[in-house]
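**Q** Mind docking chain B on chain A? Use the hints.
So the sequences go chain by chain: A and B.
Numbers 1 to 263, taken from the numbering used here, label the letters of the first sequence in order.
Numbers 1 to 323, taken from the numbering used here, label the letters of the second sequence in order.
A portion of the hints provided could be inaccurate.
Said to hold, decoys possible - Derived pair list, reagent style DSBU-like, types lysine-lysine, alpha-carbon separation capped at 35 Å:
1. B:K78 with A:K94
2. B:K78 with A:K46
3. A:K186 with A:K67
4. A:K46 with A:K186
5. A:K7 with A:K46
6. A:K94 with A:K67
7. A:K94 with A:K7
8. A:K258 with A:K186
9. A:K67 with B:K78
In case anyone wonders, no lab produced these hints; they're calculated from the structure.
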Amino acid sequence: MAIRVNKLSYAYRRTPVLHDLTFEVARGECFIVLGPNGSGKTTLIKTLANLLPVSGGDIFFRDRPLKRYSRGDLARRVAYVAQAGIDDSPFSVKEMVIMGRTPYLGVLGVEGRTDLEFARQAIEYTGLSRLSNRRMNSLSGGERQRAHIARAICQQPQLILLDEPTAALDLAHQIRIMDLMATLIKDQGITVVMVSHDINLAAMYADRLLLIVDGRVAACGPPAQVIDEQTLARAYGCHILVDRSPAGPWPRVNLVPKEGSRT
Amino acid sequence: MVTLALTLLLLAVMVIGLTMGSSSSGLEAVRTILFKDGAGDAMQEAIIWRIRLPRVLLAALVGAALSLGGLVFQALLKNPLAEPYILGISGGAAIGAIIGIMLGLSRIPGVGITAFLGSLATLLLIIVISSGRTVLVKDALLLSGVMVNAFCSAVIMFLLSITQDSRLHNIIFWLMGDLSASMIQHVGMLAAILLPCFIVIFIHSNRMNLLLLGSDMAASMGVHVRLVTLVLLVTTSLMISVTVSQCGLIGFVGLVIPHLLRLIIGPDHRVLVPACIFGGGAYMVVCDLLARVLPAQGEMPGGVITAMIGAPLFIILLRRSKQ
Numbered sequence: 001m002a003i004r005v006n007k008l009s010y011a012y013r014r015t016p017v018l019h020d021l022t023f024e025v026a027r028g029e030c031f032i033v034l035g036p037n038g039s040g041k042t043t044l045i046k047t048l049a050n051l052l053p054v055s056g057g058d059i060f061f062r063d064r065p066l067k068r069y070s071r072g073d074l075a076r077r078v079a080y081v082a083q084a085g086i087d088d089s090p091f092s093v094k095e096m097v098i099m100g101r102t103p104y105l106g107v108l109g110v111e112g113r114t115d116l117e118f119a120r121q122a123i124e125y126t127g128l129s130r131l132s133n134r135r136m137n138s139l140s141g142g143e144r145q146r147a148h149i150a151r152a153i154c155q156q157p158q159l160i161l162l163d164e165p166t167a168a169l170d171l172a173h174q175i176r177i178m179d180l181m182a183t184l185i186k187d188q189g190i191t192v193v194m195v196s197h198d199i200n201l202a203a204m205y206a207d208r209l210l211l212i213v214d215g216r217v218a219a220c221g222p223p224a225q226v227i228d229e230q231t232l233a234r235a236y237g238c239h240i241l242v243d244r245s246p247a248g249p250w251p252r253v254n255l256v257p258k259e260g261s262r263t
Numbered sequence: 001m002v003t004l005a006l007t008l009l010l011l012a013v014m015v016i017g018l019t020m021g022s023s024s025s026g027l028e029a030v031r032t033i034l035f036k037d038g039a040g041d042a043m044q045e046a047i048i049w050r051i052r053l054p055r056v057l058l059a060a061l062v063g064a065a066l067s068l069g070g071l072v073f074q075a076l077l078k079n080p081l082a083e084p085y086i087l088g089i090s091g092g093a094a095i096g097a098i099i100g101i102m103l104g105l106s107r108i109p110g111v112g113i114t115a116f117l118g119s120l121a122t123l124l125l126i127i128v129i130s131s132g133r134t135v136l137v138k139d140a141l142l143l144s145g146v147m148v149n150a151f152c153s154a155v156i157m158f159l160l161s162i163t164q165d166s167r168l169h170n171i172i173f174w175l176m177g178d179l180s181a182s183m184i185q186h187v188g189m190l191a192a193i194l195l196p197c198f199i200v201i202f203i204h205s206n207r208m209n210l211l212l213l214g215s216d217m218a219a220s221m222g223v224h225v226r227l228v229t230l231v232l233l234v235t236t237s238l239m240i241s242v243t244v245s246q247c248g249l250i251g252f253v254g255l256v257i258p259h260l261l262r263l264i265i266g267p268d269h270r271v272l273v274p275a276c277i278f279g280g281g282a283y284m285v286v287c288d289l290l291a292r293v294l295p296a297q298g299e300m301p302g303g304v305i306t307a308m309i310g311a312p313l314f315i316i317l318l319r320r321s322k323q
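Same shape as in the complex, but just chain B:
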């Protein structure tokens, strides 16, 4: 039920996203352009097909991937504060992506691959630091994640400091979560990587429920704890790193959306996983819309909006859930 409502919500905000921008188009015009080839105004058509549609699709994909990433990490670490950003996975991906950009690689697949390598390296580092043998010591994992994250931020600043001026602006704008300048081919490639990841995570949603009871409990009910944990961690890292390499660091989506949905529909991951995909997508489309419409001139990075909405909302949620 909730999933259906969220799907409709996502479709609705995507349509609104198509109609609004620096020059508004009516709903009717959008419908004509999308479904009747060559019948609309050529200028409008270019704006919607080349600029808005890829952007709206990208926002939906990115929002879905980030919320799902947060949900998976929160389930594995049994900690509502866990998120790819807080654990440094995104930071590692960003380092990899920056190195890729500095080497002059293309966004996809070149930068995507270096970002994935970067996130895997941080994941490995976190696991090695937190303990040699057991993957799921929860506090140790979170703590070492915080340390790795701090280190990654320092490396990012270091790399930015030694970069030549001309590339600097691009990297900083991208780093703050930028959804503009996306071509439909890029969105297609991103979708080709993300959608299988969504499916893998959905297949594991019931096992995430069992893992919440503790790894011994889960194992005694037939879950291969190590394998499931590894598959989920690697899939999520892949998802996060292609997202980061496409549009930089967008924070708080992975923290706010899973938390909000959990409050509404409860802790069952078989419902939460699809809900996060659609709800996170809708949230990101709205945030990106605000980022496009709010500034009087030009645009602002979408990451600014998600953080400005997300952080206060998170504090309110936290206060309410304690009462």
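Chain A extracted, bound-state conformation:
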């Protein structure tokens, strides 16, 4: 198992956010977390990245408790890509991507030739070679997101955690990011855990889905099992029809307007 989560709870200033979550993620799996706004998806991914102190339960990464890893050890195994925000950092793409090598460097953080080569490859892999000297704050949302993924790849992780990597991206960029993660799994055997809002995209790329509602597991399993009219209607509180995607063997979600509003 890449990750085993056992009865995980998290409270933010006494307000409980996550309750008794239990699930597992296999190695080399694409595991996507779905759920309504405020259901605790971002909190969950941050606790998996060891960025938040859990208030109950355990997280095991490769059968060893997350807390038992040193900061450096964890940074060499797990990479985290935050929700895309306004990036006001003044660095160029190249400078930012090579920061992913930090866990492998000495105290002064001086990069060697192999580190530069890693950064160059990661930039090429994410299709950013022509932008490598551009400043992060001059890039579009999709380019920025790819640069952060390149930085995560530079960390040579066994697990990448991504928080809504396709939010605010246009259609071409959404597919591009998802394809990139799929090839990363295929090429390097990396495990990917991702939070998403887009159920259809998740259905296409995920091996398994986790649906959380109000910080509790509402459903967990392969897309065909989780993407179910009744389950989703209960989770999101709206009328949903599920059919088969014309693009392939995946379920597809269709929203239904409130009766009378479109007649």
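**A** Coordinates of chain B only, in the frame set by chain A:
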């Protein structure tokens, strides 16, 4: 490359600083006095060894410490306007120093210690006000800093108002940034405190780069965010308070130099930290030189020059960077 150029620049201005003053000495004379013991004119020798050399060294140290202080605060708060002065750290140090002076303590270590306590107290106050738990809420920290700073100014004025007349002139002159009256022993003690601080900050320069990406990003790449922030804040406070206790409040160095260097050499702190040390040192030596040479009679505090050059320069830089 840039660091090397700045080092040479610092050495050059230090030599110029040694040659110029109310009575000029030629370069040759300075060389003779510095490197050949007892070969020069006794009067000249006294001026250079006792007055100019300590002063030039002090200016270089102070300029380096102030620019570095600005750089660290700007990185931690991700705000180019952050500076020990604006945050009230210097004000707190000044209060501590004034209390020390009023108690009749010696400049170093006595006043240095009360100044450090004062700056730590303000730092603690700022952190407590801005939030109980998280150290790095950026706007809250800056805002509470502004408030603490205003409070410190009021306390300084209050202390000055209740001080007896004879000490008043000294304190006011010192408060405006005074580099005169420094003995070589004082400079040595200052260096003994500041140089380790420079090293601690240089060791953390790559972590400052990571912190600029955000604390979650930095933590996910193995940085102990809280510890690094704390170490940097305390080191910088120490640096600023010994500087303040030695030569008062000198503004704008910490704002102008890091900003200028960032425009020239980019955002990498592994280069910026040494560049700030040498560039800030050179800038302060030049400012102090102007403060010594410009007035027809006597001298003016160095802080006057740094502010008069610094503020307009900062406005120009700000306008240019927006275009």
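**Q** If you check each hint against the structure, which ones fail?
**A** The structure conflicts with hints 7, 8, although it agrees with all the remaining ones.
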